[in-house]
Amino acid sequence: MNRRSVKSTLFAVLASGMLLFSCTQFPTQFGYIGPEYVQTVGFVFSPMAEGAPGDTLHLTAHFAGQAVHSFACSLSTQYNLSIYGNDTAVNFIPLVDPNATFGPDSISLSFVIPQNFFASSGPLILAVLKDIPDSVKAKFNLDSESLKSVPVSQLPIFAGLFLTTTDFSKSDTATAKMMAHLIETLSGQMVLHCAVNGGYTIIRNITVRYNSHVRGDPYVYINHNPDPQWFAMYKVKKTGKVSYDLPHTENDTLVCIYKSNNLDSSKIAGPRLFTDTVLIDTGYSYYMMGDTGIFIFDSITPGGAHVTATDTTLDKSFSFDNRITYERYGYTWFYEPDSTTLPGVKPENSVIIGNSGGNVSQFLPPLDTVVQKVNLWVRASDVSDGELNRPVGVSSKKLSLVLKYTAAYAANVQKK
Amino acid sequence: MLFKSVCNVPRKVLPLICVLATILMGQISETVPAKGKADAGAAASQQSVQQQPDSLPAIDSMPRLLEFIKADYPADCVKKGIEGEVVLDLVVDTLGIVDSCAVVKGLFPALDSSALHTVKKFRFRPALAQGFPIPVIMQYAYRFNLDEIVQKIQQYVNFKGRLLERGTRIPVRDATVVVAFPDSSADHSLSIPFSAYLKKIGSFPNQHCEDKTIITTTDSLGRFEFTSLPSGPITVKAIYPGYEQLKEEERLKAGEQTEVTYYIQRFSYGENEIVVYGKAEQKEVAKRTLTLNEVKKVPGFGGDAVKVVQALPGVARASFMSGAIVVRGASNADSRFYLDGVQIPVLFHFGGLKSTYNSDALESVDFYPGGFGTRYGDVTAGVIEIKGRQAKSDRIHATIDANLYDASFMVEGPVTKNISTLLTARRSFIGDILSWVIRKIDLPVSVEPYYYDYIWRTDYTPSKNQKFYLTLFGSQDELQLITRPIRGGLPNVGDGSDQVNQKTFFNMGIAGWDWTVSPSVKNSFTYSLTYGDKYLSVFNFVKSDQRAWIHNLRNQTALTLSPDLTMNVGLDAQVYPANFYLDMITAADTVSKDTVNNWVFGDIGPYLNFDWKPLPALEIIPGIRYDYYPELDYRGGIVPAFWDYAHIDNHQGTSGEPSLRLTVKYKLNEKHLVKFALGNYNQTPQPLGQTIMEKWGDPHLPATKAAQYVAGYEWTMSDLIHTDIEAYYNDQWNIPRSVTSQDIASGSQKGFYADQNGRMYGLELMLKHDQGKHFFGWIAYSLSRSERQDPFTKQWSLYSKDETHNVQFVGSYRLPKYWEIGCRVRYVTGDPTTPIAGIGYNEGTQTPRFFEIFGPKNSARLDPFFQLDLRIEKKFMMKNWILTSYLDIQDLSYFVYKSPEFYTYNFRYDQNTKTPVGAIIYPSVGLSAEF
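Chains A and B, in that order, give the protein sequences.
Residues 862 to 1277 (my numbering) make up the first sequence, in order.
Residues 4 to 934 (my numbering) make up the second sequence, in order.
What the hints contain is simulated information worked out from the structure, not anything from laboratory work.
Using N, Cα and C, we set each Cβ at its ideal position, and we do this for glycine too.
Honestly, I wouldn't trust all of these hints.
[Claimed, not checked] Calculated pairs, DSSO-like style, for lysine-lysine (alpha carbon to alpha carbon, straight line, at most 30 Å):
no.: 1; chain 1: A; residue 1: Lys991; chain 2: B; residue 2: Lys240
no.: 2; chain 1: A; residue 1: Lys1038; chain 2: B; residue 2: Lys901
no.: 3; chain 1: B; residue 1: Lys240; chain 2: A; residue 2: Lys998
no.: 4; chain 1: B; residue 1: Lys753; chain 2: A; residue 2: Lys991
no.: 5; chain 1: A; residue 1: Lys1098; chain 2: B; residue 2: Lys670
no.: 6; chain 1: B; residue 1: Lys616; chain 2: B; residue 2: Lys596
no.: 7; chain 1: A; residue 1: Lys1277; chain 2: B; residue 2: Lys698
no.: 8; chain 1: A; residue 1: Lys1009; chain 2: B; residue 2: Lys753
no.: 9; chain 1: B; residue 1: Lys108; chain 2: B; residue 2: Lys124
no.: 10; chain 1: B; residue 1: Lys804; chain 2: B; residue 2: Lys390
no.: 11; chain 1: B; residue 1: Lys506; chain 2: B; residue 2: Lys804
no.: 12; chain 1: B; residue 1: Lys877; chain 2: B; residue 2: Lys250
no.: 13; chain 1: B; residue 1: Lys917; chain 2: A; residue 2: Lys1277
no.: 14; chain 1: A; residue 1: Lys1234; chain 2: A; residue 2: Lys1258
no.: 15; chain 1: A; residue 1: Lys1038; chain 2: B; residue 2: Lys917
no.: 16; chain 1: A; residue 1: Lys1009; chain 2: B; residue 2: Lys698
no.: 17; chain 1: A; residue 1: Lys1207; chain 2: A; residue 2: Lys1234
no.: 18; chain 1: A; residue 1: Lys998; chain 2: B; residue 2: Lys506
no.: 19; chain 1: B; residue 1: Lys202; chain 2: B; residue 2: Lys256
no.: 20; chain 1: B; residue 1: Lys753; chain 2: B; residue 2: Lys525
no.: 21; chain 1: B; residue 1: Lys506; chain 2: A; residue 2: Lys1277
no.: 22; chain 1: A; residue 1: Lys1265; chain 2: A; residue 2: Lys1277
no.: 23; chain 1: A; residue 1: Lys1276; chain 2: B; residue 2: Lys390
no.: 24; chain 1: A; residue 1: Lys991; chain 2: B; residue 2: Lys256
no.: 25; chain 1: B; residue 1: Lys256; chain 2: A; residue 2: Lys1207
no.: 26; chain 1: A; residue 1: Lys1099; chain 2: B; residue 2: Lys443
[Said to hold, decoys possible] With the C-beta cut set under 10 Å, the calculated list includes, among others, these residues of chain B facing chain A:
no.: 27; residue: Tyr266
no.: 28; residue: Ile856
no.: 29; residue: Pro859
no.: 30; residue: Lys860
no.: 31; residue: Tyr906
no.: 32; residue: Gln914
no.: 33; residue: Asn915
no.: 34; residue: Thr918
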């Protein structure tokens, strides 16, 4: 056994052990789009990723792969959250929208969030109200005696009216925070079930809260769907390391395959090309990237230095426990070889993108150099800390990537 | 005619003639002494030939020797070993003087001549006839005897030594030591024949002669010595049953003492290290005792004696890397683990890799799968009690051991005449190896798991009636995983976004005092103080810390009231104020902080039992016990509960429960025994603490209760083969369960309910072959069923560790030259599992993923579990130490069958990607040196 094989064996043994301890993700074909499956690319709600009771939300569900020929959706408004965070949705009701449409790669429908969504939240609201000092309540004419006269069952309606009709812009900081807490308490989640082509069930949580109707409270946040400004392939000279968190060098290249028209391209860091064509060569590692939503600059930190943050224009950063919490973007990549190169390419010989959930995902170039073009769908989602029942904003975008190969790569690559 | 001629002779010689005539006629009335004595004192009895002719005057007395003269024994005759009698005719006259003599029967010319000349000098009292001296002719046999020469051999020890067991240096007592003499002519100084010399020295104290060898035996210290061995080459053999024959060559020098030390090898070094199962005198119906360390050789357990419990009937297969002891279908948390009578916080290091108490320092492991007496409380399933052994006091012993996972050392020996001590410590280095390899191959993570443990035990025995011991025992397990930063959480919650830290440690001191107050009163006292800490930090999501100072006290007094009746009264108490800290991220990304200080937990358990033998074959052990739990806040029972007495109000007591237990054993004959046991049991709700916290559980939960019924039969089939069969039925109720969505939907604010029931029943068989010359092993079979009842639907479903069949074969065979090979084969029904009924896709998270939609809980089973373990051991015997090497391979069958712990699928849970994941081949190679 030579040194290399010893090393490989050790690695194999260790990798098995590591699985027990770490959450390391290895590239799979999760994102591979084939004709035998309906691949869900993204459920996008508009006008935003949340709604209040009585609001109408519009769903556009994007699919790839097998064409959509049937679907059935249902909605549960009884979403139980246990003390351990375990969730159980019960009592699903079929969702009927006479104006719903669907095509081979999408479903479009609208629905209204039930007005009585918070009907059972009376005791919870009562408990929160007890924690608010009378002096604060008095500012909003919420004296304790009058509150006592409101039946607990009617408190959710009362609270909803209060929150959506009150202007909090003149509140002091303490009051604004208290109201924000009340608003946060009055939040919940619905669950949407959607079965496409009679296959697997897709579930999607939908946050219901009044945030988007609250006026003048800077501590109440609204979550919009993410709006990535650019996508790129990061081509890194191999140095024997498998980590992508490297201070990039002049040997590394950022190939920008999409850029928002609003983006000043000079703010994308590092050596960069604006093209949809990538030259695949030996001796390089490849990563698919998108902006993090935090910085106009990318998260690549030249020389390891931290660049000054600039908030995105959509969702505000906010302070929690004396620290700034930013909304961050993460991406899920779906891919298929262009139809011009199909059939005849095995999935394992096509590209593989290992979805990490972050803004950087490992890209394994094709083992079959017949693949000249890859169709990509990228699902962007946002995440932030510090909010109860924070909605997940989602957007999706279709891209394409043209692959060229150096002679060295073509000569060395071996198909499975 | 002859008579006539005699009558014609002169009167003076008549008697002489008469004597001769009588001899010729064969009428000698008194025989010639066969062997004369050479000393004068014995001369009188040397000879004398008497006759009384019928027709002659009666001879009153024959001549009596008055003066014996010793004949010259020529040296060359002595050396040649010529001895015997020279028979002479003597004519003794009336004055008692030998008038003439002649050799009648010669021996050797020189001796004949010497005798002839010597007897002439003899003086006799003449023969008398009718009162007058008369001359007679008589025969006299002069005996030349070497004994006289031999008597002069001096006794002196010129060869001595010690016989020790090779490797262990244990003295071998009562061994036979044989000295043979390949060259009998080597010692020229011997004045007598060699054989005569041996014969003579063979008569010396503590040695004897047999077949031209001199033989002795060793004393209690293995010492032996030989007296007056001839110089020259000797061959020494030492013989003792169970040992190889020792043969050594030595050369003894004249005038010098030779001292040697011999080392004799045992055929096997496990003779005393046997497993006893249902054989030793025991009170419990289902007590299974693993004594000493033969069990260390059971394959698949890496030399860990405590883990061998998992190969006994009644214990479910532990999941890979769990080490959980699941007894008769109950939860692991329902069993308790004791060391010398007091509970220990942690029985196994992480992953169940090794027990925390080093097996080298063990005396025995007792396993009680159920139906045990009132000695134990706060338990509803089984008990494992390990007993530390007394430090050796004969000499200093040392052991070092290193294997693939850890290394240890042990030193023990006497300090003073009454005090002995034992110290052992062990540390794993698998984590260090793992970290080194990770660095070498540059993985973006770092894992550093390690454990250590130590034992320091000191024994003080001031008298045969009193024994004291003090044990310091500690253990630590620590795991640190460092990886890329994980998003989420809050920085003030965990140790960092890039690491997971887990640490469990405890240090305990145990003081014990065994006192035989009088023949009828014995007292055993144990007190321990333990400090334990469990710490966990998971990235920035969770940080928890649990700390406690644990006091344990056990005192038991045994009073022998009559030869048939013994009363045991005891107190088993555990009290500890505990501190809990828990910070965790909630679903709302806020921090949930829980802090509890000085929350007093424990169990105060007085108990009483009797051991009564109304008949020689019948033994009845009734007992009562009460367990008080200070941490609970509910009304406990006042009547021992064997089932949920729903129709009567039994809940009128304090926060505790009474227990009643009974054991009956009846010996049908020497080979057959039947036994029965029943009892009720209880314990504080598990998981400890969490179930009764205001926030996470219900502070008013009652104790969990159980009733156990056991019937068994033991059959001693032969000296080596034993069978034990037991059937059992166990009930459990008030089992805590987590709140369900159904509870939440109905407005529940509790985290736990104690409304779950459980039932377990089964049959167990143990067929064991004790250690024979070559083989020991057993077959353990458990047929069982364990179920839990849904509190809402009242439907019974399988418990997650229900295993219908659990068959294990364990065997070990000794081969020549200290090779030993063993194997363990295990077949277990697959654990219940919840099947995948459908596939879902969660689109509502940052990272979408497929997920399983499960069917009815535990309505399917994993594929069966099969495992083959192999152990090969070889000892190398040195004079003063033993080197043992071993290879212990767990799950050698991995290459042909992969036993599942669970299944993995691809990201889409496609059934065609179902892959079993479970135990992997798990080798351990080790070296151990004992000095």
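Outcome of the hint check:
For a cut-off of 30 Å, the pair hint linking Lys991 (chain A) to Lys240 (chain B) is broken: about 97 Å separates their Cα positions. The suggested pairing of Lys1038 (chain A) with Lys901 (chain B) is violated, with an alpha-carbon distance near 57 Å, which exceeds 30 Å. At roughly 105 Å between alpha-carbon atoms, Lys240 (chain B) and Lys998 (chain A) are farther apart than 30 Å, so this suggested pair is violated. For a cut-off of 30 Å, the pair hint linking Lys753 (chain B) to Lys991 (chain A) stands: about 22 Å separates their Cα positions.
Simply put, Lys1098 (chain A) and Lys670 (chain B) have alpha-carbon atoms about 82 Å apart, too far for the 30 Å limit, and the pair is violated. Distance restraint check for Lys616 (chain B) and Lys596 (chain B): the Cα-Cα separation of roughly 58 Å exceeds the 30 Å cut-off, and the hinted pair is therefore not satisfied. A C-alpha spacing of about 55 Å is found between Lys1277 (chain A) and Lys698 (chain B), which places the hinted pair above 30 Å, so the restraint is violated. For a cut-off of 30 Å, the pair hint linking Lys1009 (chain A) to Lys753 (chain B) stands: about 27 Å separates their Cα positions.
Our distance criterion of 30 Å between C-alpha atoms is met by Lys108 (chain B) and Lys124 (chain B), whose separation comes to about 19 Å. Pair hint Lys804 (chain B) plus Lys390 (chain B) holds up; C-alpha atoms about 28 Å apart against a cutoff of 30 Å. Taken as a hint, the Lys506 (chain B) and Lys804 (chain B) pair is honoured in the structure, with Cα atoms around 27 Å apart against an allowance of 30 Å. Between Lys877 (chain B) and Lys250 (chain B) the CA atoms are separated by roughly 23 Å; this keeps the pair inside 30 Å, and the hint holds.
A C-alpha spacing of about 21 Å is found between Lys917 (chain B) and Lys1277 (chain A), which places the hinted pair at or below 30 Å, so the restraint holds. Pair hint Lys1234 (chain A) plus Lys1258 (chain A) holds up; C-alpha atoms about 17 Å apart against a cutoff of 30 Å. For the suggested pair Lys1038 (chain A) and Lys917 (chain B), the alpha carbons sit about 51 Å apart, so the restraint of at most 30 Å is broken. With a C-alpha separation of about 27 Å, the suggested pair Lys1009 (chain A) and Lys698 (chain B) falls inside the 30 Å cut-off, and the hint holds.
Of the supplied pair hints, the one linking Lys1207 (chain A) and Lys1234 (chain A) holds, its CA atoms being roughly 15 Å apart against a limit of 30 Å. Using a Cα cut-off of 30 Å, the hinted pair Lys998 (chain A) and Lys506 (chain B) is violated, with the two alpha carbons roughly 48 Å apart. Pair hint Lys202 (chain B) plus Lys256 (chain B) holds up; C-alpha atoms about 20 Å apart against a cutoff of 30 Å. At roughly 49 Å between alpha-carbon atoms, Lys753 (chain B) and Lys525 (chain B) are farther apart than 30 Å, so this suggested pair is violated.
Proximity of Lys506 (chain B) to Lys1277 (chain A) is assessed by CA-CA distance (about 45 Å); at most 30 Å being required, the pair is judged violated. Only pairs whose Cα atoms come within 30 Å are accepted, and Lys1265 (chain A) paired with Lys1277 (chain A) is accepted, the gap being roughly 20 Å. Restraint check for Lys1276 (chain A) and Lys390 (chain B): not satisfied, since their Cα atoms lie roughly 62 Å apart, outside the 30 Å limit. At roughly 108 Å between alpha-carbon atoms, Lys991 (chain A) and Lys256 (chain B) are farther apart than 30 Å, so this suggested pair is violated.
Note on Lys256 (chain B) and Lys1207 (chain A): the hinted pairing is violated, with a Cα-Cα distance of about 92 Å set against a maximum of 30 Å. A C-alpha spacing of about 17 Å is found between Lys1099 (chain A) and Lys443 (chain B), which places the hinted pair at or below 30 Å, so the restraint holds. Violation of the interface hint for Tyr266 (chain B) is found here, the shortest Cβ-Cβ separation to chain A being roughly 42 Å, above the 10 Å cut-off. About 7 Å separates the beta-carbon of Ile856 (chain B) from the nearest beta-carbon of chain A, less than 10 Å, and the hint is met.
The interface hint given for Pro859 (chain B) is violated, since its Cβ lies 16 Å from the closest Cβ of chain A, which is over the 10 Å cut-off. Checking Lys860 (chain B) against chain A: minimum C-beta separation of about 14 Å lies over 10 Å; hint violated. The interface hint given for Tyr906 (chain B) is violated, since its Cβ lies 14 Å from the closest Cβ of chain A, which is over the 10 Å cut-off. Restraint check, Gln914 (chain B) versus chain A: the minimum CB separation of about 13 Å is more than 10 Å; hint violated.
Interface restraint check for Asn915 (chain B): the shortest CB-CB distance to chain A comes to about 13 Å, outside 10 Å, so the restraint is violated. With a least beta-carbon distance of about 12 Å to chain A, the hint placing Thr918 (chain B) at the interface is violated under the 10 Å criterion.
The structure is inconsistent with the numbered hints 1, 2, 3, 5, 6, 7, 15, 18, 20, 21, 23, 24, 25, 27, 29, 30, 31, 32, 33, 34, although it conforms to all the rest.
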